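Asker: Spelled out, the chains give:
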Amino acid sequence: MKFGVLMFPGSNCEHDAYHMVSKVLHRPVEFIWHATKDLKGCDAIVVPGGFSYGDYLRTGAIARFSPVMEAVREFAATGGLVIGICNGFQILLESGLLPGAMLRNNGLKYVCRHVYVRVETGDTPFTGLAQPGRVLQIPIGHMEGNYFADEATLAQLERNRQIVFRYCSEDGQITEAANPNGSLANIAGICNLQRNVLGMMPHPERASEALLGSDDGLVVFQSMVQSLELLTTRS
Amino acid sequence: MKARVFVNLKKSVLDPQGKTIHHSLQSLGYRSVNDVRQGKFFEISLDPTLSADQARAEIEKMAKSVLTNPVIEEFRYELEAVEAHP
Amino acid sequence: MKARVFVNLKKSVLDPQGKTIHHSLQSLGYRSVNDVRQGKFFEISLDPTLSADQARAEIEKMAKSVLTNPVIEEFRYELEAVEAHP
Amino acid sequence: MMLAESEITPELLSHHNLTEEEYQRIVQVLRRQPNLTELGIFSVMWSEHCSYKSSKVHLKRLPTTGQRVLQGPGENAGIIDIGGDYAIAFKIESHNHPSFIEPYQGAATGVGGILRDIFTMGARPIAAMNSLRFGPLDQVKNRSIMEGVVAGIAGYGNCFGVPTIGGEVVFEESYSSNPLVNAFALGLFRKDQIFYGKAVGVGNPVIYVGSKTGRDGIHGATMASAEFDEESESKRPNVQVGDPFLEKLLLEACLEAMKTGAVVGIQDMGAAGLTCSTCEMGGRAGTGIEIDLQFVPQRETGMTPYEIMLSESQERMLLVAEKGREEEVFQVFRKWEVDAVTIGHVTADGLLRVKDHGKLAAEIPNAALTDEAPVYQRPLQRPVESHRSPEPRRTARSQLACGAVLRKFLSSPNLASKEWVYRQYDHMVRTNTVQLPGGDAAVIRIKGTDKALAISLDGNGRYCRRHPRRGAQIAVAECCRNLVCAGALPLAATNCLNFGNPQKPEILWQFSEVIDGMAEACRVFETPVTGGNVSLYNETLGEGIYPTPVIGIVGLIEPITRTTRCWFPADGQIVALLGQVTRPSSEYLEALSQAFVAFAADMESPKDAYTLWANRLPCPPLDLHQERGVQNACLEGIRNGLIRAAHDCSDGGLAVALAEMSFSSFRAPRHGARLQVPAGEFPTEAMFGEYQSRILVTLDETDCRAVQQIASRHGVEWLRLGTVGGDRLIVEDRGSVLIDEPVAELESIWSSSLGQYFQR
Ligand SMILES: Nc1ncnc2c1ncn2[C@@H]1O[C@H](COP(=O)(O)OP(=O)(O)O)[C@@H](O)[C@H]1O
Ligand SMILES: [Mg+2]
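Residue numbers (the working numbering), protein chains in the order written: chain H, 1 to 235; chain U, 1 to 86; chain E, 1 to 86; chain C, 1 to 760.
If you're looking for bench data, these hints aren't it; they were derived computationally from the structure. None of these values were measured; they are calculated from a predicted model. Do not rely on the hints blindly, as some may be mistaken.
Here are the simulated DSBU-like pairs of lysine-lysine, each with C-alpha atoms no more than 35 Å apart in a straight line [to be verified]:
| id | chain 1 | residue 1 | chain 2 | residue 2 |
| --- | --- | --- | --- | --- |
| 1 | H | LYS109 | C | LYS418 |
| 2 | H | LYS23 | C | LYS418 |
| 3 | C | LYS447 | H | LYS109 |
| 4 | U | LYS64 | H | LYS37 |
Turn these sequences into a full structure, and let the hints guide you.
Answerer: Take a look at the structure:
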C-alpha cells in the first residue's frame, strides 16, 4: 500500500503530509509532481494544502488544469482514494471532483486555529474508524474556507450523507458560533457520491502527533489504511 | 486588441467584502452610499491580428473555463472598450 | 444612482496575479494572450437624490482616500454607466 | 575615459543623499568624475542602509563570537551550531518606511526580504516572527496601518509556507507616523550545506534568477536612510509589490540547485538590488564581476542602466555557478518555471564592471563600494535632562483597588492578548510548532532529533528612552528570561536597532549607550550577536521614535520533553516566585506611586490608561548577575523536571503575570489560585511594579524543597506564594485581600480587547 502526495507549484503542506505518512503512519509514500500523469502505482492520493499558483486567480483554479489532475480524475473514477486537504479541497472543487465552491471566509481574514469538527458519517473510507458523532480537534488555516453550494446541491449532499465533517462546539453542537468561516451548514468536509473522494478544510496532518497538541486527525489516515487493507485482503 | 473581463459574485451569493467596505465607508461619513459590491476584472491584451469574432470566442472560452467559477461567479466583457457584452 | 470604480495597480507596479494568470493561460494554449493585468472594481449604489456633481465629488473622494492606495494604485470610474471618467 | 560626463550639480548630489565630501571621495576613488549610473551606485552603497556608516564604529563593540557561532555578522545571516548535524541561520530586518507608505506591501516585502536572507545561505526557513510598533489604536490611521501590516505579513508568510510563530506588538504615540515593522526568520540546514555570498572562481558565470526587473523601489535604500517630511508622501516612491508565490518557487529552486553541487556562491538581491549583490559578492571574495545588462530579464521597456542597477524588484537572487555546469542549474530553474540567465562572469580585477549591450556603463572597484565605504565617527552627546525642581519626597499612597487596576491594565492593547494578530498567521505549517503563539517564547521542534528551538523577540522603547543602556540590558534579559521559561538555554542573538536621526548627537548617544548595554548583557548571558539590522532616520517632521532596539534570541531545548509552558498546569500546584519580591530602590517605588496618583485620574477615561501610566515610569533597576542567577535556577529546575510551568514577570508586573498564568490555553482550562504576597505598605506598587529578574513558577508540593535548594545554590530568593485551585484569582497580604477576581472575567477582558478596536 502506497500513498502519493501531489506537488503543485505553491503547495506548502506536501512535506507535512509526507512526514505524517512516513514517520507517524509508517507507510510508504512518494511525491508526485504536477506535470506528470503517472501516479506511480499509489493506492491513495493526498492533494495537500498550500497556495497552488499563489491562489492568485481563485484558490485551486489553476492547479486543476495540471496533467496530474487528469490522472487523479481517472484514478478517482476507478474508485481510488483521494483526500484533498485545505487547498487540496479547493482544487478538488475546482476540478469538479466534488460539488460546490469556496468563498472568502465571512470574517474576510485568514484564520489559523484549532477547531472542533463532528464526524457526520462513519460510512467512508476516511472515517471508518471514527464513530459518527465523534468530535475531533483539528486545526484550520485558510482564507477561503467558506463552503458554498446551491440549494439543490446541498439537499443532495444531505440526502446522500456526503457531508463528512461539520464544524461544531466542543460538545458536538452544530452552532453558528462554532463555524469559523461561515460555511454553508457548517460544512468542514464532504465526499463524492461514490465516497472515495474526500475534501476537508481542517488539516488532519497537523493533528497527528500528541507533541503538536492533538492527534485527533490521525483517525482519518488510519481509516484510509484500514480500508485499503480490507481491499487487498478481499482481492 | 484589448479585452476587459469583469467578474463578480452572483447576486445570490453573499459578498462580505463589499459589505465590509460599505460599512467602513459609512463609518467614515460617506452617508450617501447605499450599497457596495466588489468584483474583479482582467485586462487582457490580445494578439492584434485576431478578428473581433475570434477575440470574442477566445475571451468567452477563457472567461468560462478559467477566469470564473460558474458556481459562484458571473462575468461580462468588453472588447476594445467599444463593444460591451452582457 | 450607480457608480463603478475600477482600481488597478499602476503600470509600473508588478502585478503578480496578472502575471501568473497570463502564464497559465499561455500554458493552457491561449496563445493569443499577450498580457494580463488584474484589477478590482466596486459597484456603488448612491443616494438617488444626489446630483451628478455631488456624486462625482463623493466618489472621487472615497476612491482616493479609501478604495485605493495612490502609492501603487490608480482608479477610474463611471457614473450611471453613461459617463466615463479617465 | 569612456563614460559620458553628466553634469554633477549640488542638487543631483543632494537628491542622492551624498555630501560634497563624499562626492570628492568618489572622484578620488575613480580618479575621474562618475557618470550618473555610477553616482547612483555609489549613492545606494554609501547610504546609511547599506554602509552602516554612522553605526559601524559602535556595532563593533558587540560580542560576536562563541563556541557555537559558525558565522557572525557580515553574511546574509548569522549561523549557529545546534549540535548533531544541524545548524540554524537567523536574522531580523526592518521594513519600517515602506510599511508606513504602503502597509500591506511594505510588510509583505519585509518578510520576503528576510526569508531570502535565510535561504540564500542554503537553509530552509522553518520559522518567522515579527516585532511591531504602532501608534495608539484609537486613531483610525494607526488601525489601518496595523491592519495592513498584519495582513501583509500573513499574506506573504502564509503563501510562502513558513509558520509565523510569534513576535511582539507595542503601541505608543511616538510610532504614530513611524510604525516599526521588524521581521525575523530562521532556517535550518545541515552543517555541510552552508552557502555564502561569495563570487569565487575567476571565469565562473554569474547567473540572475527569479523575478524580472522593473522600476520598483528605485532608491529604496536611500529612502530608508532619510527622514520623512511632507514632501516624501508626494514623492510617492515606487513601492515594491511582493510575489510570495514566486518566492516559494525561488526557494525550492535555489535549494534544489544548491544540491547539484554546481553553485559556488549565492546572494539575494535586497536593498540596492543588483548593485549590492554584485559588489558584495565580489567584495567578499576579493574578485571582480562583469555583467551586461542586456541579459537582465526586464519587466518594463526602456530601462536605463541606472534604473536596472538600482531597481529593488523583489524575489531575485544572484548566483555564481561552476563554469561548465550552468546547465545543471538552468535545468532546476526550468523545472520550477523560474527565470535563470547568465548575465556575466567573475573576473580577477576586483572591479564591478557593468556593460549595456557591450558598452561600458559603469566601472567601480568593489572594495570602494563595500569595505571602503565611508565610516563616520559622528559626534554624540548625552541629552541634558530637563531638571525638574526636586520635589519634596512625598510617597503618596494611592488608594486604588488592585482588582480594578488589574482589569484596566488587562484591557490595554499593550498587555492584552495578541490573538487578533496571530490568528491571521499560519503558525502551524511544516508541523513543527510545539508551543502555539501566546506563550513566553515560540517553540518549534527539529524533526528527526530530540531538540527544539525556542525563540523570543523583545524590545522596550519606553525603558530605553529613559535609560538607553539599561533599557537595552533589560531587553536582552527579558528575551533570555522568556526562553528560559520555555525550558531553553539561550544560544545566540540577532538585533534590529530602530532609532531616529544619527546626525543628532543626542540620538547617536542613545544608540551608543544601547550598544554598550546590549553588549554587556549579551556577554553575561553568553549570547553572541550574530547579525542584525540598523534602521535610522525613523523621524517624521523632526519627531523621532523612542530609541527601540529589538532583540531576538534563539535558545535550545533538549530533550524536547522539557518544554515548559506558562499556564497553571493543574489544581494543587504550588506557585512560587524566583527572584526578588519587593525591595525596590526607593526612587523607583516613588515613581510608581506618583504614576498611580495620576493613573487614578486616567482610570475612567477611554484612553489606554496602562500606557499613560507606564510612560511615567523610569526604567526599572536591573542587576545582570542577579538576573542570570534567577534564569539559571529556573532552567535547572525545569531540566530536573521539578518546575512544571514558568512565566516571566514583565510588563504589568506580578499581578498581570499571575493573571496570564491563570488563563486558559489550547487544551488547558483556566485555573484560579489563592496566593499570599507580602506587599507591605505599597500594595499597588508591589502588584504592578515592573521589577526585573522575577519568574513565577509552579511545582508539586513534594518538589518545593528541591527547588528551594537550587535557588539558594544560585543565590536567588525564593518565595512560596500559594496554591492553584478554584476559579478566582485571589491575592492576599496577611489577611487583607488585594485582588479577588473571577478568572473568567479577567480572561474575557484580556482576550477581547485588541480585537474590539477592529470590530466593524
Ligand atoms: N506580532 C506578533 N506576531 C505573532 N505573535 C505575536 C505577536 N505579538 C505578540 N505575539 C505573541 O503574543 C504573546 C504575548 O506577547 P508579549 O505580550 O510580547 O509577550 P511577553 O510579554 O511575554 O514578551 C507571545 O506568544 C507572542 O509570540
Ligand atoms: Mg517578553
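Asker: Going through the earlier hints one by one, which of them does the structure break, listed in rising order?
Answerer: none
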